[in-house]
Amino acid sequence: GESVGLHLPTLSVQEGDNSIINCAYSNSASDYFIWYKQESGKGPQFIIDIRSNMDKRQGQRVTVLLNKTVKHLSLQIAATQPGDSAVYFCAESSSGGYNKLIFGAGTRLAVHP
Amino acid sequence: GAVVSQHPSWVICKSGTSVKIECRSLDFQATTMFWYRQFPKQSLMLMATSNEGSKATYEQGVEKDKFLINHASLTLSTLTVTSAHPEDSSFYICSAPQDRENTEAFFGQGTRLTVV
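Those protein sequence lines, which keep their order, are chains A and C. Heads up: the first sequence begins at 1 in this note's numbering, then just goes up one per residue. Heads up: the second sequence begins at 114 in this note's numbering, then just goes up one per residue.
Just so you know, these hints were derived from the structure itself, not from any lab. Glycine residues also receive a C-beta, built at the ideal position from the N, C-alpha and C atoms. All the pointers check out, no bait thrown in.
So the derived list for chain A, only partly shown, Cβ under 8 angstroms to chain C, looks like this: (1) Ile34; (2) Phe89; (3) Leu101; (4) Gly106.
Modelling step: build the complete structure from the supplied sequences, incorporating the hints.
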């Protein structure tokens, strides 16, 4: 289903620490998941994706974990930098959805020096 | 990577007027594009699926007569907000997938609409 966030939760971290952003998705039929980063006034920027036949995928400084049993997705950012400050959204899609993405509520990441 | 461009980046219009927003895929053809709306401090809400050469598919609760979508070519989809009201003020974003498989969807930079 669709997710609407009235207030974005905020995760505050110190520069250099690791960040973990969580997301609960709603559709058990979803088989493709993406994490996006959105800076103020801009469109979403792709970070990393994962398919349902995997439970972990790593990129540069980022790792996505997928737990299908509890319909939970997480994004781990290593050595968080001030430039990582943004709002992060998870998005889900199902086969045949042709990239029709349903977005989660979002989390604001604030990185402090 | 593939580029999706929106125009304009921002627009201010008077209540009752109509506003057209363009979404272009610059280096690939997109038979399908998606339109999202985002209110401040909220998530992206899917409004409709734009299909080249056929009618758009609207999500539940989205007025098709108010948000007109035209996908006349493989590289251009337009969203027209008709008879705009202040409550239509929002950030409108389009996306275009490069192929039929579920892969990275490319987003435009968004259009900030303010209705006064």
